[in-house]
Amino acid sequence: MPGWTTRADKKPMNWLNRQDLKLNAALAALAVVLFALSLMVGPANLSLARVIDALFRGEGISGIIVRDIRLPRTVLALLIGATFGLSGAALQGLLRNPLAEPALFGAPQAAAAAAALVIAFGLAGATSFAVPLAGIAGTMLAIGALLTIAGRRASLTVTMLAGLALASFAGAAIALILNLAPNPYVAMEVAFWLLGSLQDRSSDHLVIAAPFLLASWVILGLSAGAFRALTLGEDAAVSLGVDIDRTRFAVIVGVAFGVGAAVAICGSIGFVGLVAPHLVRRLVGYDPARLMLPAALTGAALLLAADIAVRLLPGVVEIKLGVVTALIGVPFFVAMIFSERRMLEGSPS
Amino acid sequence: MNTQAAPALLRAREVSVRLGGAVVVRGAQAMLHAGELVALVGPNGAGKTTFIRALAGLLPAEGEIMLGERPLGVMGNRERARAVAYLPQGHVFHWPMQAAAVVALGRHPHMDPFSTPSPQDRAAVSRAMQRTATEAFADRRVTTLSGGERARVALARALATEAPVLLADEPTASLDPRHQLVVMELLRRATRDGGAVLAILHDLTLAARFADRVLVMDGGRIVADDVPSEALSPQRVAQIFGVEAMMVDTGEGIALIARHPL
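Heads up: the sequence lines are chains A and B, in that order.
Numbering-wise (numbering that gives the first Met the number 0), the first sequence opens with residue 0 and increments by one.
Numbering-wise (numbering that gives the first Met the number 0), the second sequence opens with residue 0 and increments by one.
Isolated chain B, as found in the complex (with noise of 0.2 angstroms):
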């Protein structure tokens, strides 16, 4: 695909965050452009959902984050939440609200908190019900749904939201293999109107099946930026996760398999 040619929805440059005092992320750099499905790859503790939460407005952070054409730092908190939509880990739920009610909370950006839903808010959210295909279980209280409808609705809601950029924190972590494929295929989908998605992802195999360009992190910094088969090369692999791995050409792009711990 050629990414370079869509205008970049989010750019990022010489990003640093601290947390208690210890610097997290250490001049990290990521460009989103429209259309593109990148990931996010790195061990535990290499600062990943850190940089994720600064891109979202979650957390101070130093350097330049532009979304669009317009500097992070001097959004509003509605603005910003209309131009970036963030997807925690986890798929929490503290209220067991129906599963309509929650995907429309993707609303609440666009909304006054005094006034009924505009019918484009209704349609966004049944736009984003539809493709995740939970309209099935929109009555549902969502405390009583499994794992993968719960990470639907979870996923209806940020969609619901409509914002050019979509940062997934781990969107596949513990579901099933049929599930998991389900969701990295809506996040595919969600790039095809002309957004992007960066999705911190632990499976490489799924990262390096679907991702446009791989973001490798590494003690704060993003070590590569690269399309999967450069960014995830079993040298790489192997130097940052300490995994001996091998790639595959299946003829439909390539698959990454771990072997063992080295």
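Here chain A stands alone, though its shape is the one from the complex (with noise of 0.2 angstroms):
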């Protein structure tokens, strides 16, 4: 028999693929590390048994740091980054452009403006489901905005010019709702809140957001086949039976619901869709589908680590986890384009 039927019994065309077994289950640990490390670390350090104590028994102070403090934040970094992750490895599926990113393409921003409107101008509490409703109406109408400028061929320049407008509309969006402002407390609110970060979250901001991050992985793990289909270009999908409709629909809401419901908890903070793709995709070959489940697991060990290092860095003023990403993600950035520059120039657009 040729050699590779014998190597495509170890590679199942499957996105739970047994090969990736062994790097879905070596980033899962990382995440659980990672996650117990975010349950230790703060002002006040605890023993990794002091923590499952606390976690378990929780009794007196540590309890209260550990459950009510730290808790809800680890389990939010673990389902945000993971959704991060995920989104940013389905619009680069989608778009068959390593470069996608959520944030590129103005996604937190518009998501941040619609959050920030309902916060200032009081229509609800920052705690009230209207806050990720809000953000998820703002992303969807900057992604649908972005997939219908880009249109059926998806040219590289095209979206990223689409992204660009769209990132700029939502930033002048925010500086508006800033300009507006009832009151300088509430501008100065919306402002920090915006840099992006996770501390003083609840379980409260937990319950709301959850929903809606669990809803967009299902959404977009359901299109993992098509995002596969899709390398050979979107007619090719199409006759291979996608429905290209559809997937672009999933990618919009699953985005949105994703996106828009992680900024509207904990600001905005970019880079970790397009970084943790990035980090896995020569791990999967480069395979779209395969790519979705280790990206996830990246996003939430970078998100987790992020959040670790904003509490570990000295400092009277808590460094916000969006700056981190932002100073990490951009120099990637550039380092990917200038990496990828032959792939970015010869691309047919």
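Don't read these hints as lab results, they were simulated from the structure.
Every residue gets a Cβ at the ideal spot worked out from N, C-alpha and C, and that includes glycine.
Careful: at least some of the hints might be erroneous.
Rough simulated footprint, nothing fancy, chain B against chain A, three-plus residues with beta-carbon under 8 angstroms [what the hints assert, rightly or not]:
{"id": "1", "segment": "220-229"}
{"id": "2", "segment": "237-243"}
{"id": "3", "segment": "276-288"}
Chain B side only, calculated, beta carbon under 8 angstroms to chain A, not exhaustive [said to hold, decoys possible]:
{"id": "4", "residue": "P87"}
{"id": "5", "residue": "V91"}
{"id": "6", "residue": "P95"}
{"id": "7", "residue": "S117"}
{"id": "8", "residue": "T190"}
{"id": "9", "residue": "G193"}
{"id": "10", "residue": "T249"}
{"id": "11", "residue": "G250"}
Computed Cβ-Cβ distance ranges for the label pairs, DEER-style [what the hints assert, rightly or not]:
{"id": "12", "chain 1": "B", "residue 1": "G62", "chain 2": "A", "residue 2": "N178", "range": "38 to 46 angstroms"}
{"id": "13", "chain 1": "B", "residue 1": "S173", "chain 2": "A", "residue 2": "A164", "range": "28 to 36 angstroms"}
{"id": "14", "chain 1": "A", "residue 1": "R281", "chain 2": "B", "residue 2": "G62", "range": "43 to 51 angstroms"}
{"id": "15", "chain 1": "B", "residue 1": "S173", "chain 2": "A", "residue 2": "S202", "range": "42 to 50 angstroms"}
{"id": "16", "chain 1": "A", "residue 1": "L221", "chain 2": "B", "residue 2": "G250", "range": "57 to 65 angstroms"}
{"id": "17", "chain 1": "B", "residue 1": "Q28", "chain 2": "A", "residue 2": "S167", "range": "50 to 58 angstroms"}
{"id": "18", "chain 1": "A", "residue 1": "V31", "chain 2": "B", "residue 2": "R177", "range": "54 to 62 angstroms"}
{"id": "19", "chain 1": "B", "residue 1": "S173", "chain 2": "A", "residue 2": "S154", "range": "16 to 24 angstroms"}
{"id": "20", "chain 1": "A", "residue 1": "A171", "chain 2": "B", "residue 2": "E61", "range": "41 to 49 angstroms"}
{"id": "21", "chain 1": "A", "residue 1": "A164", "chain 2": "B", "residue 2": "T142", "range": "26 to 34 angstroms"}
Once you've looked at the hints, go ahead and assemble the two chains, each given alone in its own frame, into the complex.
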């Protein structure tokens, strides 16, 4: 038998790939370690034993610290990081473009603008369902507009320019909200929230965000096969039975649910969706379907690590999480452009 | 070849397609019988790609398109994908996946998205790679392959679908002379198991040499549907393509030689 058949036995075509089991297990283990670290690290450092004790018996001050302060924050970092990783992988799969990232297309900015509007003008409290719903609506508008402008062929140039326009528009909308804010305290609060942070998030935040985040995983995960077929281009994918309109709609809704709800809770945190898939893409043979799960796990690990880092950095004021991900993400993005320069210059548009 | 006795795998009658308000295909018709390799030729802008995309169900079209006994319009996406394979122009691969993984994409319409490939899926991929002699670089990333190798992988992907009808849009474009012949012979061989191939070709010499029948398209209409020696007569080539051509009987079929523009 030809050599590839035996390989194919080890590399089945489904997206939950047995070959990738080791990779996924390693990434999951990393996320678990970071999860535990995240419960231990903070102004009061706790040992693992005390964390476990506090988690399950939870008496006294360490119980409050671990269960009420650090656990919601940590679970949110895990869920939101995974959502960003998955959203990035899905957008990249749909657009056949490794540089696609919700933040580059103004998705978090649009979510932030919509959520800020709701908060700044007192339409709803910060822990009401109205905030993630506004974020979702904002993201849906941004991603929907992007895919409409980018069109069938999704050329890199058109997609990037459309994303730039949308991001600028969302930025302007935020500026307008700050400009018109009823009082300076509100403006300040919105501005800080926009920097992105998981500090002081409670289980209320978790409860309103989690359903949307989990829904986005399901919606995006179901399109994995379509992303793989899209490696042949849109026409060939459709000829293979992919419902391209449904796939596009699923990405709009999935990314909107995920990014919209995440941004509504933690403000604007970018570049996880760019970095996470890129780190593992080679390890799954560049297969957009097999990429989904490792990208989600990597995203979770990255955001957990970043959220631990902001607590470890010395200083009176905690550095905002969104600032850290941007400071690391942007140079990474530049390096990616640099290394993929030839592909980008030669890309058909 | 007596094609009339073979069953019709594809029948298109009075097919019209509008693109952005303009009528690009006007009442075109085509028939594909089992075992046939048919060439679709015509000048740039004649509507060939639009017609073939409509036949593949990629564009909404007026008129009647039957795949076997079933109208294209009533078929679901996956059923249609199992009945007609489409090989687009340019052999595009957006991600540097392994050649074997790309060929396996041809099984997409046969597979449940969350299951592992069945033995039939593996066998189909294996056959397609054997037939196109692509097993040697099964593990290579498609982006590292030469143009001819990529064309063979793309064709293997379409063959792995094992649909009775294959529609190929310029499968020989930008290939060296040897690979043009290789691809044409592969298409020829693909019809031997009772399938049918409709290929857009710009090279009239290849069309005359390999096709059982040639459809000539001009201004959105099929203006000729005949054996190559009739469909590509020097008068018609002059009239449709503006090229003075001569036809030579080589003893092993006819050779069409384009001489100069008119």
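Okay, the hints, checked on the actual structure:
Remark: the segment 220-229 of chain A is confirmed as covered by chain B, as 6 of its residues place a Cβ nearer than 8 angstroms to a Cβ of that chain, reaching the required three. Evaluation of the coverage hint for the segment 237-243 of chain A: fulfilled, as 6 residues show C-beta separations to chain B shorter than 8 angstroms, against a requirement of three. Judged by the Cβ-Cβ criterion of 8 angstroms, the segment 276-288 of chain A is covered by chain B as claimed, because 4 of its residues qualify and three suffice. Here the hint on P87 (chain B) is kept, as its CB sits about 5 angstroms from the closest CB of chain A, short of 8 angstroms.
Interface restraint check for V91 (chain B): the shortest CB-CB distance to chain A comes to about 5 angstroms, inside 8 angstroms, so the restraint holds. A distance limit of 8 angstroms between C-beta atoms decides the matter here; for P95 (chain B) the minimum to chain A is near 5 angstroms, and the interface restraint holds. Hint on S117 (chain B) is violated. Least Cβ distance to chain A is approximately 10 angstroms, over the 8 angstroms limit. With a least beta-carbon distance of about 19 angstroms to chain A, the hint placing T190 (chain B) at the interface is violated under the 8 angstroms criterion.
Using the Cβ-Cβ criterion of 8 angstroms, the hint placing G193 (chain B) at the interface with chain A is not satisfied: the shortest such distance is roughly 21 angstroms. Checking T249 (chain B) against chain A: minimum C-beta separation of about 36 angstroms lies over 8 angstroms; hint violated. Among the interface hints, the one on G250 (chain B) is violated; its C-beta lies about 38 angstroms from the nearest C-beta in chain A, farther than the 8 angstroms criterion. Checked against the given bound of 38 to 46 angstroms, the beta carbons of G62 (chain B) and N178 (chain A), roughly 58 angstroms apart, lie outside it.
Under the hint 28 to 36 angstroms, the C-beta atoms of S173 (chain B) and A164 (chain A), about 35 angstroms apart, fit the expected range. A hinted range of 43 to 51 angstroms holds for the C-beta pair R281 (chain A) and G62 (chain B), which are about 47 angstroms apart. A beta carbon spacing of about 60 angstroms between S173 (chain B) and S202 (chain A) contradicts the range 42 to 50 angstroms that was offered as a hint. At about 59 angstroms, the beta-carbon gap between L221 (chain A) and G250 (chain B) stays in the expected band of 57 to 65 angstroms.
At about 51 angstroms, the CB distance of Q28 (chain B) to S167 (chain A) agrees with the hint of 50 to 58 angstroms. For the pair V31 (chain A) and R177 (chain B), the beta carbons lie near 56 angstroms from each other, so the given range of 54 to 62 angstroms is met. Separated by about 20 angstroms at the C-beta atoms, S173 (chain B) and S154 (chain A) satisfy the suggested range of 16 to 24 angstroms. Remark: the range hint 41 to 49 angstroms for A171 (chain A) to E61 (chain B) is upheld by a beta-carbon distance near 45 angstroms.
The hinted range of 26 to 34 angstroms is satisfied by A164 (chain A) and T142 (chain B), whose Cβ atoms lie roughly 31 angstroms apart.
Going down the numbered hints, you'll see the structure goes against 7, 8, 9, 10, 11, 12 and 15, while the others check out.
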